[in-house]
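On the provided structure of chain G, position chain A as indicated by the hints.
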Amino acid sequence: MDLAYTEEEEAFRARLRDWLAGVLPKLPPKPDPLDWPARRAYDCGWQRALYEAGYAEVHWDASPTRRLIFLEETERAGAPYVGANFVGLLHAGPTIAAEGTAEQRERWLPPVLRGDEVWCQGFSEPEAGSDLASLRTRAVRDGDAYVVTGSKIWTSHAEVADWCELLVRTDAGAASKHRGITWLAMPMDAPGITVRPLRTLAGSTEFAEMFLDEVRVPVENRVGEENDGWRVTMVTLSFERGTAFVGEVVACRRVLGQLAHEARKNGRWDDPAVRRRLGRLSAEFRALWRLTQWNVSEAEATGGVPGTGGSVFKLHYSHARQELYDAAAAVLGPDALDLGREWNLDRLSSLSYTIAAGTSQIQRNIVAERILGLPKGR
Amino acid sequence: MDFRLTDDQKALKAGVRALLEGRFDRDALRAAVEDGGLDRDLWRALGEAGFFALRLPEEAGGVGLGLPEAVLVFEEAGRALLPGPLIATHLAAGTVPGAAEGEVVVTAPDGAFVEWLDEADVVVGDAEGAVRVRSVDPLTPLHRLPGPVGRMPTTGVAGVGALLTAAEQLGSASRTTETAVAYARTREQFGQVIGGFQAVKHLCAQMLVRTEVARAAVYAAAVSGDPVEVAGAKLLADEAAVDCARDCLQVHGGMGFTWEADVHLHLKRAWVRAERGPVKADAEEAEAAAL
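These protein sequences, in sequence, are chains G and A.
If you're matching positions, the first sequence starts at 928 in my numbering and goes up one per residue.
If you're matching positions, the second sequence starts at 5 in my numbering and goes up one per residue.
The hints are simulated quantities; they were obtained by calculation from the structure and are not laboratory data.
All C-beta atoms, glycine included, are put in the ideal place defined by N, C-alpha and C.
Please note that a few of the clues may not be correct.
[Unchecked claim] Listed next, with one range per pair, are the computed distances between beta-carbon atoms:
{"id": "1", "chain 1": "A", "residue 1": "Gly258", "chain 2": "G", "residue 2": "Ser1057", "range": "31 to 37 Å"}
{"id": "2", "chain 1": "G", "residue 1": "Arg1106", "chain 2": "A", "residue 2": "Gly68", "range": "18 to 24 Å"}
{"id": "3", "chain 1": "G", "residue 1": "Gly1005", "chain 2": "A", "residue 2": "Gly68", "range": "57 to 63 Å"}
{"id": "4", "chain 1": "A", "residue 1": "Ala22", "chain 2": "G", "residue 2": "Leu1264", "range": "56 to 62 Å"}
{"id": "5", "chain 1": "A", "residue 1": "Phe194", "chain 2": "G", "residue 2": "Lys1192", "range": "39 to 45 Å"}
{"id": "6", "chain 1": "G", "residue 1": "Asp1265", "chain 2": "A", "residue 2": "Val137", "range": "34 to 40 Å"}
{"id": "7", "chain 1": "A", "residue 1": "Pro152", "chain 2": "G", "residue 2": "Asp1197", "range": "44 to 50 Å"}
{"id": "8", "chain 1": "G", "residue 1": "Leu1266", "chain 2": "A", "residue 2": "Gly257", "range": "25 to 31 Å"}
{"id": "9", "chain 1": "A", "residue 1": "Ala15", "chain 2": "G", "residue 2": "Asp945", "range": "38 to 44 Å"}
[What the hints assert, rightly or not] Chain G regions said to be covered by chain A (calculated; three or more residues, Cβ under 8 Å):
{"id": "10", "segment": "931-943"}
{"id": "11", "segment": "1206-1216"}
{"id": "12", "segment": "1236-1243"}
{"id": "13", "segment": "1274-1285"}
{"id": "14", "segment": "1297-1304"}
[What the hints assert, rightly or not] Selected chain A positions facing chain G (Cβ under 7 Å, derived; list incomplete):
{"id": "15", "residue": "Asp6"}
{"id": "16", "residue": "Gly199"}
{"id": "17", "residue": "Leu212"}
{"id": "18", "residue": "Ala221"}
{"id": "19", "residue": "Val227"}
{"id": "20", "residue": "Gly229"}
{"id": "21", "residue": "Leu240"}
{"id": "22", "residue": "Met259"}
For reference, chain G alone in the conformation it holds in the complex (with noise of 0.2 Å):
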């Protein structure tokens, strides 16, 4: 048990502090939570200053440690969240990188980690939902392309991204429908695509539904084997468990402070009961950092692709967000009613947290078959 990072990790983290304090006055103001061609321009744009100053990779390359202390400290100092390069950077670079061949690997990592292309993610399907393995969105070999036809849902950044990471079904009569999936990386801007944004509960528009007929995508765009694509799935899964939410716990812990700060400000803080509930939140979230210090441990001694941990970890950070969000509406009173103040919109986005990445119900359930080892039935 040693929490202390080593003299190299805390030289690491001093470099990165100077250069975050350096360039973040210098950026440009937040774009409209709404313009989702602002907001690719400004997440690309601080993509490529990671890029510039050597700091891009650290979500793939660097030790899981090395990227712990790269969340805490952007965290922490407030820098733009990766936005626009989420799937990019947190799913299909990380699958890419350790799925796809030495070509697929310098085709499409450099653009990403230079914030030149931006990937949505083609996983979900209507009627299919948590159920990821009933898609049906089928792809027929033609001569040196797949040939696309079906609909995805739910896909993140569709009206903004260059690629996505696409699930497909190439055996429709395999013996189990986790047999006879493909992962492909298919170009947005092939011909045969329709994506119509879905407005969100929130007003903005996240996701999207997209629209696939009759699409080609090279087989060279393949990523691992054909029918293989479950098992490739899963890598991504992982990391999606793992490790894309480290940084968010470290933002909890900043809105927390605000949140304090605000509540003495306005008087509530006189109430115990809500002192109480964000005092118990601090005990929570601070709790939730330390696994996952617990988890990169682990990553960093068994080779880094995160295991089911992640599942543990997510159930309970989803929960505990949506908490904090109840509890900032709490110490604003009236005034959680206006989208005007700060914290209401997050309030609203918090609410899929508890579905987005496997719902609560299904997290529950890798946890009871695959870490305690209870029976598989529904």
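Relative to the frame of chain G, chain A by itself:
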């Protein structure tokens, strides 16, 4: 940074578990429940094993280990439901003669109660006027202290006591989680083991989540020694122990409500430990004050 247990720490934990399984197995536990007294032979055996002298420097006859190791040892004690004023005696080692060796039983008032007053040889602190109550926990005799309940600090010796209590709670939470899962894997209803039912599965999954979040908090507090982190760890460990015991009872159905099942012993002890400082309100206030 490597938060995981070292090999030495893993060996220590396994060694204490083996010792307790040998010296305080289920038969001994149930005998203690019926008898209600303190087993002095066991107390001395714990002393010989270094249970109380664990953090004393080697030149003072101790084992010379630190807070993280003490936390691992007390986690095992909590797991086994080991009775007695373990923490008070551990804290007295080095100042009260005989405590380190397990020759002397030491208790200390904490919050509204003092535990094991009649069995103790030495009381550290003021237990004047304490009145015996019918303890909810058959394995923890209690006296209620007169006067107002003082707020327990989480610094210094009280901080170590709070952290070791949290460690015991963590051990109990782990144990009831394991017990519930083991039962859910074997007990059949409607033609299948009940662990195949999502309703039961989800109870078990939440037990694990609660326990692992508390574990991260308790272990980290042992390393940092930060008073606020200790208070937060106590808060989460109290909840994990109480809620996991309740869920374990639920998974066991009617069996869980019987005297014969051990789960009520975990729940009652968890309630007793939750009354030690800092209690929920104090821990939350300590956390809030640091925001």
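Against the structure, the hints come out as follows:
Between Gly258 of chain A and Ser1057 of chain G the CB atoms are about 34 Å apart, so this pair conforms to the stated range of 31 to 37 Å. The hinted window of 18 to 24 Å between Arg1106 of chain G and Gly68 of chain A is violated, with their beta carbons roughly 57 Å apart. At roughly 45 Å, the beta-carbon separation of Gly1005 of chain G and Gly68 of chain A lies outside the given 57 to 63 Å, and the hint is violated. With their beta carbons about 59 Å apart, Ala22 of chain A and Leu1264 of chain G fall inside the hinted range of 56 to 62 Å.
Taking the beta carbon of each, Phe194 of chain A and Lys1192 of chain G are about 57 Å apart, not inside 39 to 45 Å as hinted. Taken as a hint, the range 34 to 40 Å is violated for the pair Asp1265 of chain G and Val137 of chain A, whose Cβ atoms sit roughly 52 Å apart. For the hinted restraint 44 to 50 Å between Pro152 of chain A and Asp1197 of chain G, the CB-CB distance of approximately 23 Å leaves it violated. Roughly 47 Å separates the CB atoms of Leu1266 of chain G and Gly257 of chain A, a value that falls outside the hinted 25 to 31 Å.
Between Ala15 of chain A and Asp945 of chain G the beta carbons are some 43 Å apart, a value that agrees with the proposed interval 38 to 44 Å. Counting residues of the segment 931-943 of chain G whose CB falls under 8 Å from any CB of chain A gives 4; the rule of at least 3 is met. Evaluation of the coverage hint for the segment 1206-1216 of chain G: fulfilled, as 8 residues show C-beta separations to chain A shorter than 8 Å, against a requirement of three. With 4 residues having a Cβ less than 8 Å from any Cβ of chain A, the segment 1236-1243 of chain G passes the three-residue criterion, so the hint holds.
Here's how the segment 1274-1285 of chain G fares: 0 of its residues keep a CB closer than 8 Å to some CB of chain A, so the rule of at least three is not met and the hint is violated. Check on the segment 1297-1304 of chain G: 7 of its residues sit with their Cβ under 8 Å from a Cβ of chain A, so the three-residue criterion for coverage holds. The restraint placing Asp6 of chain A at the interface with chain G holds, with a minimum CB-CB distance near 5 Å, inside the 7 Å limit. Below 7 Å, beta-carbon pairs count as interface contacts, and Gly199 of chain A has one with chain G at about 4 Å; its hint therefore holds.
A hinted interface residue such as Leu212 of chain A counts as satisfied when its beta carbon comes closer than 7 Å to some beta carbon of chain G; here the least separation is about 6 Å, so the hint holds. For the restraint placing Ala221 of chain A at the interface with chain G, the shortest Cβ-Cβ distance is roughly 4 Å, inside the 7 Å limit, so the hint holds. The beta carbon of Val227 of chain A comes within 5 Å of a beta carbon in chain G, closer than 7 Å, and the hint placing it at the interface holds. Because the beta carbon of Gly229 of chain A sits about 11 Å from the nearest beta carbon in chain G, more than 7 Å, this interface hint is broken.
The interface hint given for Leu240 of chain A is met, as the beta carbon of that residue sits about 6 Å from the closest beta carbon of chain G, less than 7 Å. Evaluation of the Met259 of chain A hint against chain G yields a violated restraint, the C-beta minimum of about 18 Å exceeding 7 Å.
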